[in-house]
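Asker: Dock chain B against the given chain A, drawing on the hints supplied.
So the sequence lines, in the order shown, correspond to chains A and B. This note's numbering applies: residue 688 is where the first sequence begins, and numbers increase by one. This note's numbering applies: residue 22 is where the second sequence begins, and numbers increase by one.
Among these hints, one or two may not hold up.
Stated by the list, open to error - In silico contact screen, one side only, chain A against chain B (beta carbon under 7 Å); selected entries:
| # | residue |
| --- | --- |
| 1 | Glu697 |
| 2 | Thr727 |
| 3 | Leu776 |
Unchecked claim - Which bits of chain A does chain B cover? Going by a derived footprint, with three or more residues having C-beta under 8 Å, they are:
| # | stretch |
| --- | --- |
| 4 | 703-717 |
| 5 | 736-747 |
| 6 | 763-771 |
Everything labelled a hint here was simulated from the structure, so no lab data went into it. Glycine included, each C-beta is placed from N, C-alpha and C at the ideal position.
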Amino acid sequence: MHESVLQLIEIYVFILAGFVGFLVITRVPPLLHTPLMSATNAISGISLVGSLVAAGAGHSRLTTALGFAAVVAATINVVGGFLITDRMLKMFKRAAPGGKGQERK
Amino acid sequence: MTRLVILEATYLAASIFFILGLRSLTKPDSARRGMQQAAVGMLLAVAGTLLHHEIIEYHWIAAGLVLGSLVGYPMGMWVPMTAMPQRIAASHMFGALAATLVGIAEFSKLGDGALVTRPLMGALGFEVLFGSLTITGSLMAFGKLQGLVPGVPVTFRGQNAVNGLLFAAAVGLFLLLVWAPATPWAFYLVVGLGLVVGVSLVLPIGGADMPVVISLLNSYAGLASSATGFAIGNNVLIIAGALDGASGFILSIIMSKAMNRSFGNVLFGAFGKPQESSRAAAGLTVRPITAEDAAIQLAYAQKVIVVPGYGMAVAQAQHAVKELAALIEKNGGEVKYAIHPVAGRMPGHMNVLLAEADIPYDKLKEMDEINPEFPSCDVALVIGANDVVNPAARNDKGSPIYGMPILDVDQARSVIVLKRSMNPGFAGIENELFYSERTSMLFGDAKASLQKLAEQVKLA
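Extracted from the complex, chain A is given alone in its bound form (with noise of 0.2 Å):
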């Protein structure tokens, strides 16, 4: 009963998050479709979070291997993501003639 009831709040978290996540997706203009994947990559290397107790529980001699592999995959694409993230946003520039270009470092 008990577990059921805490499915269904994250089944409801689960809708509302894909809600928002469409709702605010559907506003990123085409323009920087590249930069929204690399981000959203990096955003759900979250599952970090869950490699990281399976690798560090000690269960067993395969959790924590497997947990290990997964903290590996999951780290390259936090670091990498949020980086390469970055490095793109940084190159997107307005035009400078208006002046308005320098308003932001």
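Answerer: Okay, now just chain B, sitting in the frame of chain A:
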């Protein structure tokens, strides 16, 4: 207890930062700061997780974080922008890999399924099925984009039937597992079948369809992460996975629309295999042009629209484009860029390359915005684009790309096409634009041609 509260608080903060980060991507000016905040959110969540009560040893965690960072840093800082499509495919692969491994670890931890309830098995099964499928699917996409696997569709007779059977078998086993979770052989077979389906699903898909495939894989990787969240009861994972899944899904819809094709058609249509051209181009000839003559047209043009395609990416010609554009602008001409949604190999591919070459983003125009401007433009400069400017999409019902929205380049006063040779484009379809009276062809490597054009414009 306080530990748990702190942990959940960091997850809540991370979720909020992630959503704000994505919202910042709606405007190029705010995007960078927003994503930096999202990175801080990630850091918080990771730090919070280290307090998790189940964690009793830290050495494997530390080793994994260090190794992952050592690989991740070069993948973030050193990968050239031209390699971005395969880089993105690789990150889908890593994301799905992490989800799948966590799923298997969880299954193994719970007595190889003996302690797994049916709803939990539903989440775990979904996680490893979509995860494993995405691992090999992304690997194939990576191979095709990197040129390790033939980019042309690989097909054989009865392929769709075989794929369907494999997938049906995987789903059947999945249902069996939900009914009887303590069936380890079925669990591992689902993982195995998922890996096979991933390969067989992407193998028959051609390079020009990669934008849709990459977006779909993005969505699958997100859904697998979300399922991980359900399996281990972690809300931030559910949220981040849902955001990722929604994003990939929206992108794949946009990409499919931009090609006027359904998902089913992309996945099972094996588009892009050489086909007999529906309208014979026989008897028509193209008009080659020298760089000198083309440069004169460009030097005196009032308005030039550059139409980049995958060929520009292959030739890494974006900086040469910028140089030429600067010279045209110096002569008083106006230069804009027409970006088709599926130009290149992933969503937004052309924008990233042109931004890399320091071209201000307000000159990069979307299809609907730029199309009315073609009739008033003096020269449309097509650089390595083919299918997205093929008028057959408008007027040849027999063409495989009929109905696809295209850039109206054929309405420009004159068209200069930079192309390596007369080989048909990736979709293997003849392009009547190249035979139009207004069109002249400048053959050669796009980068070399652009550099020659720039030299000549300087002299003109």
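Asker: Which of the numbered hints above does this structure break?
Answerer: Violated: none.
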